[in-house]
Every structure is written in C-alpha cells, then in structure tokens.
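Engineer: The whole structure should be built from the sequences, with the hints applied where relevant.
Heads up: the protein sequence lines correspond to chains U and W, in order.
For the first sequence, counting from 1, position 54 maps to 54 in full-length UniProt numbering; every step adds exactly one.
For the second sequence, counting from 1, position 66 maps to 66 in full-length UniProt numbering; every step adds exactly one.
Hints listed in this document are in silico derivations from the structure and should not be mistaken for laboratory results.
The beta-carbon is built from N, C-alpha and C at its ideal position, and this holds for glycine as well.
Among the hints, a few may not be true.
[Unchecked claim] Label-pair ranges, simulated between beta-carbon atoms:
(1) U/GLU87 with W/PHE113: 28 to 38 Å
(2) U/GLY208 with W/ASP99: 45 to 55 Å
(3) U/ALA57 with W/PRO151: 16 to 26 Å
(4) U/SER221 with W/ALA176: 18 to 28 Å
(5) U/ALA62 with W/GLU46: 20 to 30 Å
(6) W/HIS58 with U/ARG132: 44 to 54 Å
(7) U/THR64 with W/GLU100: 32 to 42 Å
(8) U/THR50 with W/HIS210: 18 to 28 Å
Number of protein chains: 2
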Amino acid sequence: MIPGGRSTGDDGTAPGRPGPGQDQNGHVATTKKKTQVSASPERRRELLGTAAEVFAAHGYNATTVRRIADEAGMLAGSLYYHFDSKESILDEILSAFLDELWAGYDAVLAAGFGPRETIEALVTESFREIDRHRAAVAIYQKESRHLSAQPRFRYLADSQQKFEKAWLGTLERGVASGAFRDDLDVRLTYRFVRDTVWVAASWYRPGGRHSPEEIARQYLSMVLDGIAVRD
Amino acid sequence: MIPGGRSTGDDGTAPGRPGPGQDQNGHVATTKKKTQVSASPERRRELLGTAAEVFAAHGYNATTVRRIADEAGMLAGSLYYHFDSKESILDEILSAFLDELWAGYDAVLAAGFGPRETIEALVTESFREIDRHRAAVAIYQKESRHLSAQPRFRYLADSQQKFEKAWLGTLERGVASGAFRDDLDVRLTYRFVRDTVWVAASWYRPGGRHSPEEIARQYLSMVLDGIAVRD
DNA sequence: TAACCTACCAAACACTTGTTAGGGAACCGA
DNA sequence: TCGGTTCCCTAACAAGTGTTTGGTAGGTTA
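Structural biologist: This is the structure:
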C-alpha cells in the first residue's frame, strides 16, 4: 500500500520539491540515479495521463516508449527529460492511484460504520475511484500480479494485503453481527465482492449512462439481495 | 529437463492427423504458410500447455519465445518445428479453449431449461471450464480485448457476442417469467454475473479446497439470493 | 547583452526480440 | 545397410526495444 497514507502530498501548496531520495511513494530511493524533477508538475501529470491511457489500452509490455511519446506529440528520448525510465512512469501511475484510493478507504474505515454500511461505503468509494482513475485501475488489474513480485512494486502486494484485511474483516464482522449470511465461505465471499467491483473498470466509461453512485447502488443491491425474486 | 527429454515419446494411439487446411475452429486457413503439422499431437499439446502457463503467469507480450522453450526444455528455434509463430501458439491455446467452452454451453442452451436453471447450468459449466483451462481463461481475460481487434483473432469478438446473446437472453427471459428481479438494469446484471464468474480464473487453483461444482454452488447462492440475511 | 533554464529534438547505443536456415543424432521400415 | 522421418540444436539475422548523449530554440533573469 502506501506508507503512512501520504495521501494529499503537495498539490498546489508549497512548491517545495521533495528532498532527494524521497519518492512520492515513501519507499526510499536507493537508486543512485538522480530523479529528474520537472519544474512544471502539470506537464508531468499530462504525460502520466496519456501514458496511463496507452498502458491501459494495450498493456504495459506491449506499449513502447515511442508510442507514448507519439501520443504526447514528442519523441521517445524527450520522455526521459520528465521520467527516468518507462518503469517509473508505471510506478507513478499506480502509486498515485493507490494513494488516493487509500485516502478514501481510510476515511470510510475510520468512520465507525456498521458492517453493512461499511461495505456500502467501500463499494461506493471504489466506483468513484474507478471513475477517476479508470486507466490506472485497468493497468493495476492486468499487471499487478506479476509486478508485485518485483521489489520496486512491493507496495502493490502490501496494498492488496491491507485491502483484504479491510474487506474480509468487515465481512466477518457482518457475519458475527447477523447482518450477513453465515452459510458461505467468507474468503469466497470476499473475492466475490472484490472482483465484482473492480472488474467493472474493464468496461466502465466515464460519462456513460450511469454515474458511479448509481452503479454502486445497483451492484450493492445485487450483491446484498441477489438477482432472484424473493417469494 | 533438457534435450533428450523426449521423455514419454509417443504413447499415442492413432496418429491420425487432421486434414490440411482444417482448423479446430472451423475458420478456414486462408494462410499461405504451410502449417507445420507435428506427427505427434501429444508433444504439441504438451508444449501448448507449458506455453499457456507462461503466458498466463507473465502475460503474452512479456513472455519471450526463449522463455517458453526454456520451460519446455528446448531452445527457442526448436519451437518453430511445432508452430509457425508465437502468435499461432496463442491462437491455438485460445481457440482450443473456446471450442470446448462452446461445446458445453451449446449443450446447456439446447437442453430447454428454464431461465434460472439455465443460469445455474451455465455458471456450473463455466467453473468446470475454468478448472480445465485455467491458464487459457486467464490469458483470454488479459488479452482478448486488444486481440479481438486483430483480424486473426476476430473469432474472439464473435465468441463474446454469442456469449452476450446467450446470457443476456436468458436473463431477459428470467425477468419476463418473473424469476429474476425487474428493477435492475439487465445489461449491468449481465456484466455482473459474467465478470464474477470468469474473474475467478485469476485466483482459482485446481486441486484446491473447493471443487468447481462447490464454487459454482456458492457463487450461485450469492448471485441469486445475495449475501445479506433476509428478514 | 550575457548567462541560464526549460523542454524538446536528432542520432545513436547496446540489447532483446521473433524468426529462419542448415545440420545432425536417433529411430524407423524395407 | 540405406533412405526417410522426426525432433531438436547451432548460429545467425533484421527489426524493434529502452535508454543515453549532445545539442538547441525560446524564454526568463540580470
């Protein structure tokens, strides 16, 4: 996950650039390479956005640096003025997404809701996150599995663990309190709910017929009450 | 493993090779390249199996031909005795899976079940397919989106369309007959059911605690009746 | 005007990629 | 024994890969 939920970071406020050796991720940069810190973070975000789109559409490995540069209207080498590697572009995309995700999740988890309300809030928050970081979520889904093995992306595995703890814990609380059925395998239920929510990123398109909240409402209705008619 | 590893050799029965120009998919081989038809289809299947595993684990693009060959105990060039390209390996994996999938689906759809029973049968059949073709399903999920744009893999798009027709039709039938709720967006429900089932391939491991049938039972219970306790 | 910084280009580098061509060992039926 | 087939190896190829180096137009500051 991401360390202390650095959450907001430094958007807008003091232009104080992060000290050397400090990454937006908090994982210390043991690397000797001086990270190229662009003076205009806007251009950076712009490039990250187009890179994320291309990554999401064609997959990380199938995406060439030249393709990203092309989409951004520049040449491949020029990208290295802003980033020091293709991998660090991916890194920034994913960690920015996870930072924001956990900011939202932590707020929900700290609110002291009951199990059912917590699940509802988590699902809703998730769809909002999909709405905002569609590309990043798609990338995460495709690549996180084999990325998390890599030391640089260990925070993906950490995040997933924290994720499981939050959801599984809530579900177990719900079973104990009588809100959720006790005749189901909780781990299976967890994966069921988790997948149902996040796979939506593969077909969701912002600005579509349904708002994130509306989708969340219907998804919750299905997950909680089922699609069959009650007799 | 290593060279001599011819291992089992050919404990095969009839070496009857399929007629030329005929693909297991039915899509005519318009290609001019003479497809290398190995005399022992078992070795072929063996190689397809290991290739599928590597593809599933690391993604198609991230997988090098040398890696596949290595895993199979031979050198990269040797693969081209059995297949004429990396792409056609992928092609065979996917189409073999889809062939078997549709054999099962068509049987279910032709059985004349009611909507609810049809859904139950389709879900169960799907988990059986995941059990048998775990790797192929994982590959399909990761790559089908951008592959279906390619002419060679058009059958992926065709399959998906047929897929949607079958599931969506059954759901609509169920709503009309009063078996399923009518206050939900049917398309959303379709994607919901479809995704929940197939994403399971990403975590499912054959030989685990639950049999495909048991997983199907629990999934169906959740999808149909929900995870909340009824009052 | 001079010095400097930002954001890019142009051209190359080293390496990996999928693929091919030729050869050879083991086994087969005749 | 011989020719043929099967299955793999050796060695290379061309194209594409991420990345680096040096340069430079344009703006800002002094």
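Engineer: Each of the hints needs a verdict: does it hold here or not?
Structural biologist: Outcome of the hint check:
| no. | hint | verdict |
| --- | --- | --- |
| 1 | U/GLU87 with W/PHE113: 28 to 38 Å | 50 Å, violated |
| 2 | U/GLY208 with W/ASP99: 45 to 55 Å | 34 Å, violated |
| 3 | U/ALA57 with W/PRO151: 16 to 26 Å | 18 Å, holds |
| 4 | U/SER221 with W/ALA176: 18 to 28 Å | 20 Å, holds |
| 5 | U/ALA62 with W/GLU46: 20 to 30 Å | 27 Å, holds |
| 6 | W/HIS58 with U/ARG132: 44 to 54 Å | 29 Å, violated |
| 7 | U/THR64 with W/GLU100: 32 to 42 Å | 35 Å, holds |
| 8 | U/THR50 with W/HIS210: 18 to 28 Å | 43 Å, violated |
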